[in-house]
Amino acid sequence: MSTFDSLRFFNYRMWFAGALVANVGTWMQRVAQDWLVLTVLSDESGVAVGITTALQFAPVLALSPYAGLLADRVDRRKLLIATQAGQGVLAAGLGLLVLVGNAQLWQVYVFALLLGCVTAIDGPVRQTFVAELVPQDRLANAVGLNSASFNAARLVGPGVAGLLIAWVGPG
901 MSTFDSLRFF NYRMWFAGAL VANVGTWMQR VAQDWLVLTV LSDESGVAVG ITTALQFAPV
961 LALSPYAGLL ADRVDRRKLL IATQAGQGVL AAGLGLLVLV GNAQLWQVYV FALLLGCVTA
1021 IDGPVRQTFV AELVPQDRLA NAVGLNSASF NAARLVGPGV AGLLIAWVGP G
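To convert, take the position in the sequence shown, counting from 1, and add 900; that gives our numbering.
The set of hints was computed from the structure by calculation and includes no laboratory data. Accuracy of the hints is not assured; some may be wrong.
As the list claims (entries may be wrong) - Listed next, with one range per pair, are the computed distances between beta-carbon atoms:
| hint | residue 1 | residue 2 | range |
| --- | --- | --- | --- |
| 1 | Ala917 | Leu999 | 26 to 36 Å |
| 2 | Asp943 | Leu1039 | 43 to 53 Å |
| 3 | Val1056 | Phe909 | 22 to 32 Å |
| 4 | Leu996 | Thr953 | 14 to 24 Å |
| 5 | Ala917 | Ala985 | 17 to 27 Å |
| 6 | Val1068 | Arg973 | 38 to 48 Å |
| 7 | Trp1006 | Asp905 | 45 to 55 Å |
| 8 | Asp905 | Asp943 | 45 to 55 Å |
| 9 | Ala958 | Ala985 | 36 to 46 Å |
| 10 | Arg913 | Val1060 | 18 to 28 Å |
| 11 | Arg908 | Gly1059 | 23 to 33 Å |
| 12 | Ser945 | Asp1037 | 22 to 32 Å |
| 13 | Leu999 | Ser945 | 21 to 31 Å |
| 14 | Lys978 | Gly1069 | 36 to 46 Å |
For every residue, glycine included, the Cβ atom is placed at its ideal position computed from N, Cα and C.
Produce the complete structure using the sequences and hints provided.
So this is what it looks like as structure tokens:
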């Protein structure tokens, strides 16, 4: 078995590419959101950035175990469509507020909390969905590639966000 063996399966290949793009976008949004809070909405308040970050990640800690139970009981594909749509709507909503110049700190806090809640559901469902895309004997390979994709996005997303912020500004 080769390192990229699971990519021979069309459904997994599409999943892998889509997940990579979605995860890069999510990490870009997190960096841009924190930068917006730091430089535009809070007069460089580290506390405000800390609150934003806590609101993004606390739901993941609190809700992920329950999301795992949900992933076992609900159609994973439909749940992933819902979580991805939710993340897209939240990104578009916050982006629109910023573009029209109406973003306020409390609104970013609400968006961060909602994104955290959606992410808390999305993560466990993503992990279990991989098993539906490849045969059992390729599952370990697919999970490994899935983790590599996620970690690559964690590396690339913030870098791309930083370049875009430098190019077009934070808001």
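Evaluate the given range 26 to 36 Å for the C-beta pair formed by alanine 917 and leucine 999. holds (28 Å)
Does the hinted range 43 to 53 Å hold for aspartate 943 and leucine 1039 at CB? holds (50 Å)
Falls inside 36 to 46 Å, the C-beta gap from lysine 978 to glycine 1069? At roughly 38 Å between Cβ atoms, glycine 1069 and lysine 978 fall inside 36 to 46 Å, so the hint holds.
Outcome of range test on Cβ distance (valine 1068, arginine 973; 38 to 48 Å): holds (43 Å)
Could one say that the CB atoms of serine 945 and aspartate 1037 fall in the range 22 to 32 Å? Violated: the Cβ-Cβ distance is about 52 Å, outside 22 to 32 Å.
I want to verify a distance hint. Is the separation of the beta carbons of alanine 917 and alanine 985 within 17 to 27 Å? Taking Cβ atoms as reference, alanine 917 and alanine 985 lie about 18 Å apart, which means the hint holds.
Within 45 to 55 Å: is that where the Cβ-Cβ distance between aspartate 905 and aspartate 943 falls? holds (52 Å)
Given a hint of 14 to 24 Å, does the C-beta separation of leucine 996 and threonine 953 actually sit inside it? holds (22 Å)
A range of 18 to 28 Å was offered for this pair. Does it hold for the Cβ distance of arginine 913 and valine 1060? holds (23 Å)
Just tell me: holds or violated, for the beta carbon distance of leucine 999 and serine 945 against 21 to 31 Å? The hint (21 to 31 Å, Cβ to Cβ) holds, given that leucine 999 and serine 945 are roughly 23 Å apart.
Tryptophan 1006 and aspartate 905, beta-carbon distance inside 45 to 55 Å? holds (48 Å)
CB-CB spacing for phenylalanine 909 and valine 1056 relative to the 22 to 32 Å hint: Holds, since valine 1056 and phenylalanine 909 (Cβ atoms, about 24 Å apart) stay within the stated range.
In this structure, the hints that do not hold are numbers 9 and 12, in rising order.
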